[in-house]
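J.: In case you want the letters, here they are:
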Amino acid sequence: GAVVSQHPSRVICKSGTSVKIECRSLDFQATTMFWYRQFPKKSLMLMATSNEGSKATYEQGVEKDKFLINHASLTLSTLTVTSAHPEDSSFYICSATNPVGAFFGQGTRLTVV
Amino acid sequence: GENVEQHPSTLSVQEGDSAVIKCTYSDSASNYFPWYKQELGKGPQLIIDIRSNVGEKKDQRIAVTLNKTAKHFSLHITETQPEDSAVYFCAAGNFGNEKLTFGTGTRLTIIP
Numbered sequence: 013g014a015v016v017s018q019h020p021s022r023v024i025c026k027s028g029t030s031v032k033i034e035c036r037s038l039d040f041q042a043t044t045m046f047w048y049r050q051f052p053k054k055s056l057m058l059m060a061t062s063n064e065g066s067k068a069t070y071e072q073g074v075e076k077d078k079f080l081i082n083h084a085s086l087t088l089s090t091l092t093v094t095s096a097h098p099e100d101s102s103f104y105i106c107s108a109t110n111p112v113g114a115f116f117g118q119g120t121r122l123t124v125v
Numbered sequence: 013g014e015n016v017e018q019h020p021s022t023l024s025v026q027e028g029d030s031a032v033i034k035c036t037y038s039d040s041a042s043n044y045f046p047w048y049k050q051e052l053g054k055g056p057q058l059i060i061d062i063r064s065n066v067g068e069k070k071d072q073r074i075a076v077t078l079n080k081t082a083k084h085f086s087l088h089i090t091e092t093q094p095e096d097s098a099v100y101f102c103a104a105g106n107f108g109n110e111k112l113t114f115g116t117g118t119r120l121t122i123i124p
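So the protein sequences, as listed, match chains A and B.
Position 42, counted from 1, in the first sequence is what our numbering calls 54; the numbers after and before it change by one each time, with no gaps.
Position 36, counted from 1, in the second sequence is what our numbering calls 48; the numbers after and before it change by one each time, with no gaps.
Treat the hints with caution; some may be incorrect.
Listed next, the in silico DSSO-like pairs over lysine-lysine satisfying Cα-Cα at most 30 Å (straight line) [claimed, not checked]:
(1) B/Lys70 <-> B/Lys34
(2) B/Lys34 <-> B/Lys54
(3) A/Lys54 <-> B/Lys80
(4) B/Lys34 <-> A/Lys54
(5) A/Lys78 <-> B/Lys54
(6) A/Lys53 <-> A/Lys26
(7) A/Lys54 <-> B/Lys54
(8) B/Lys70 <-> A/Lys53
(9) A/Lys32 <-> B/Lys54
(10) A/Lys53 <-> B/Lys34
(11) B/Lys54 <-> A/Lys76
What the hints contain is simulated information worked out from the structure, not anything from laboratory work.
Bound-form chain A, shown alone:
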């Protein structure tokens, strides 16, 4: 069964609006979660590290004011794409690690129109 659950799996929004994506660890606590972005036929690019109870750590080139990350509990991290534009359209994926391994959510396909 799923170890990491991500919601929604697909979302379409208008330019200028904000979209929130949730990532939950199931049956285990994750003090750290990771958010990735994947372009078509490309590999996963790490966007940021989500830290429970503290600020997220962003990779170089990722706008922290654009991609807001909140890790309010040990089982939930959220990514909010603010003032979305068509170039933000992508596949966003979260991950978390338990003693067995590093697992990924199902991914969220964001389309900004």
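Once you've looked at the hints, dock chain B against the given chain A.
T.: Structure of chain B alone, referenced to chain A:
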């Protein structure tokens, strides 16, 4: 930082034959090497991983080997089946709360 290279980018294999995908990494401090299978429109699925304290791990038709000295690790799929067709990614990092660096992916096609 870590750099992971993956080869080949595409691989076509006759059903029943074996498939091998290879990766190299640069950071000798990395100790965790997972392999993921990604189907279209879905998140990566962990299929097998290996930690630096062992050289080989096997799970039914899937095996992974690790050569720490040469800094490379490989995925071996035997008796391939059509459902093995997917994109496979290798990754390297430190087990626990450290981020993973991914390879560029291999599109595996199993020919019936």
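J.: Quickly compare the C-alpha distance for B/Lys34 and B/Lys54 to 30 Å and report which way the hint goes.
T.: Judged against 30 Å, a Cα distance of about 23 Å means the pair holds.
J.: Under the criterion that the straight-line Cα-Cα distance not exceed 30 Å, is the pair B/Lys54, A/Lys76 satisfied?
T.: holds (26 Å)
J.: Quick one, are B/Lys70 and A/Lys53 close enough, alpha carbons at most 30 Å?
T.: Given that 30 Å is the threshold and the Cα spacing comes to 28 Å, the pair holds.
J.: Please verify whether A/Lys53 and B/Lys34 have alpha carbons no more than 30 Å apart.
T.: Answer holds: A/Lys53 to B/Lys34 is near 19 Å, not above 30 Å.
J.: Verify the proposed pairing of A/Lys53 with A/Lys26, using a straight-line Cα cut of 30 Å.
T.: holds (25 Å)
J.: Compare the distance between the alpha carbons of B/Lys70 and B/Lys34 with 30 Å, and conclude whether the hinted pair is satisfied.
T.: It holds: about 16 Å lies between the C-alpha atoms, which stays within 30 Å.
J.: Sort out whether B/Lys54 lies within 30 Å of A/Lys78, counting only the CA atoms.
T.: Answer holds: A/Lys78 to B/Lys54 is near 24 Å, not above 30 Å.
J.: Is A/Lys54 close enough to B/Lys80, meaning Cα to Cα at most 30 Å?
T.: This hinted pair holds, its Cα atoms lying about 27 Å apart.
J.: Under the criterion that the straight-line Cα-Cα distance not exceed 30 Å, is the pair A/Lys54, B/Lys54 satisfied?
T.: Roughly 14 Å separates the two Cα atoms, so the pair holds.
J.: Is it true that the CA of B/Lys34 sits at most 30 Å from the CA of A/Lys54?
T.: holds (17 Å)
J.: Just to be careful, I want the Cα atoms of A/Lys32 and B/Lys54 compared with a cutoff of 30 Å; is the pair within it?
T.: holds (19 Å)
Checked against the numbered hints given earlier, this structure breaks none of them.
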